[in-house]
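Given the coordinates of chain G, assemble chain X onto it according to the supplied hints.
Chains G and X supply the protein sequences, listed in that same order. Going by numbering that gives the first Met the number 0, the first sequence wraps up at 268, each residue one higher than the last. Going by numbering that gives the first Met the number 0, the second sequence wraps up at 268, each residue one higher than the last.
Keep in mind the hints are simulated off the structure, nothing from the lab.
Okay, derived cross-link-like pairs now, DSBU-like style, lysine-lysine, Cα gap no bigger than 35 angstroms in a straight line:
hint: 1; chain 1: G; residue 1: LYS166; chain 2: X; residue 2: LYS176
hint: 2; chain 1: G; residue 1: LYS147; chain 2: G; residue 2: LYS166
hint: 3; chain 1: X; residue 1: LYS43; chain 2: X; residue 2: LYS267
hint: 4; chain 1: X; residue 1: LYS150; chain 2: G; residue 2: LYS1
From a predicted model like this one, the values you see are computed outputs, not experimental measurements.
Protein chains: 2
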Amino acid sequence: MKANQKLQNRIDKGYHICVGLDTDLNKLPENIKKTKNPLLEFNKRIIENTYDIAASYKLNLAFYEAEGIPGMECLQETLALIPTEILTIGDAKRGDIGNTSQMYAKSLFDHFGFDASTLNPYMGYDSVEPFLEYENKLNFILALTSNKSNKDIEKLVLHDGRFVFQKVIEKVKYWNKQKNCGLVFGATNSSELEENVNSFGKMPVLLPGVGAQGGSLEEVVKIFNRSENNSFIINVSRGIIYADSTEQFGKTARKKLVELNNEIEQLKK
Amino acid sequence: MKANQKLQNRIDKGYHICVGLDTDLNKLPENIKKTKNPLLEFNKRIIENTYDIAASYKLNLAFYEAEGIPGMECLQETLALIPTEILTIGDAKRGDIGNTSQMYAKSLFDHFGFDASTLNPYMGYDSVEPFLEYENKLNFILALTSNKSNKDIEKLVLHDGRFVFQKVIEKVKYWNKQKNCGLVFGATNSSELEENVNSFGKMPVLLPGVGAQGGSLEEVVKIFNRSENNSFIINVSRGIIYADSTEQFGKTARKKLVELNNEIEQLKK
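Here chain G stands alone, though its shape is the one from the complex (with noise of 0.2 angstroms):
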C-alpha cells in the first residue's frame, strides 16, 4: 500500500497522532531496565498498547544510533513489530549530494523498510531527489521546525520579503510531482502556521513541537479545521511515551493517547 494512503486511511479514522518513539535509554522505567533489551521491549510496550489509534509512528533515529549497533538492531526489530497497515517515518532529517542521498534512501527505505522519511532542504532539489524516486513512499520536507533558533537560517528574509521557509514550502509543491512530499512544521510556530497552512496545498504536514516542547494541539487541530487540508499529524513523543515512569506506562501510553484523539475529535466537530 502506498505511504500516502496509509496514513490516509487513519486520517480518515480521525488519528492524526503521530506516536514518536524517541526512545532513551535513561528514561525507561526500572522493570523494563533490568530485561535483556530493554529499548526493544519499551517500544513493543508502547506498539501493543497503541498501535490500533495511532496516525503513525515516527522512529527518531538520533536514539537508535546513540546505542551504536545494539541501537539500530533494536531499530530494526521495532519496525518490525509494526504493523505494515501504519505509516512509520524514519526521522533522520537526510540531505545530501545525490550519489549520498540515494544510500541514504536505499538505507531508509530498502534496508529499514519505513514508509516515510524526513528530509533536511538546505542542500535543494538533487540532495531529495533520490528520495522522491520512490513513489510509494512519502517524505515530510523541513519548512518551519520546532525550535528556537528557527529564526537563524529558516526566518532569515528574502529580498522579496518573504522568509526562507516559505521559499522553501514553494519548493516543495514544485518538488512534488509523484505526490510523494509532505512538510514539517513545528506546532510551536502557531501564527507563522496559521499565515501558511493555505500555501501548503493537501500535502501531509507532520507537526513536531506539541507537549515537552510548548505547542498547542488545540491551536494546531483549530487552523487545519479552517483550512482544506486535513492530512496533519502532530507528534507527540514524551507526553505519551514518558507519561508513566512505572510498569503501568503502556496502558498510561494508551490512556493519553486516547484522551488526545478525543481532544481532537471535540475540536473537530
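The following block gives chain X in isolation, referenced to the frame of chain G:
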C-alpha cells in the same frame, strides 16, 4: 589530542587531501568482493597505503548505513584501523532539535569516536550546539555545497543582498566560541570561494567536489594561497579509492594521493 591540532599537524607537513572513504560494495575490485568482509578489506588496503600522507579521512555514513547493520559494523571496524593521530570526519550532515542532536553527537563522537562531524545549519544554533559542546572535536558546517541545486536555498538572496550561505558563514563565525567550528564549501564554486574566502577567518574549511563533481584543485589551492587561511582540506573520494579496479587499487590510491600532494606542493611554491 584536539581535533584541530591533528589537522594542523598534517597541514604543517603540506598535506591537504582528505581521503573520502565512500565505499560502495558495487564498485569494489573483484578480488575484494570475494573476501569475507569486502567493505572492511577494501578500506583496510586504502588506509594502509595512504595513512602517512593523508590530511584526514572522511567516512560518508550513508554508504555504511546503506548496508544496514553489517555496514555500521564495518564503519566501526574501519575507524579502529585509522591511526589515532589522523583526523577522522564522520560525514553525516546531521542537525535536529537539541535533545536529538545531542544523541547524534553521542553517536558520532562517543560511540564511533570520530574527531569531527559535518553539520547542516538549516535548523539554526540550537541544532548544532550539542556538537559544539565537545570542545576537543571539530564541526564542519555546510555553507555552500558542491551540488548544482545549491542555488535552491543556499544561494537565495536575502533582503540585504547577501546569499543565505553568506549569512551562514557569519553565524558560524559567531558560534565558534570554542574554536571547534569549520565550514564545508564546495570546490565546484570557485568564484564564490574567491569572493568569500576572507570571510572564513581562520576556520578550517573542508572542500568536497574536486574530481568526479568537476571542482578544480588548482583553483582551490591558488585561492587559499592568496588568503590568510591555510587550514583547508580538499576531499577526494572516487578519484583516489576507485582510480584502479584491479588488485593493485591500494598502490594506485597511494600513487594518486602522492600526485595530488605534489600538485599542491608545486602550487604553493
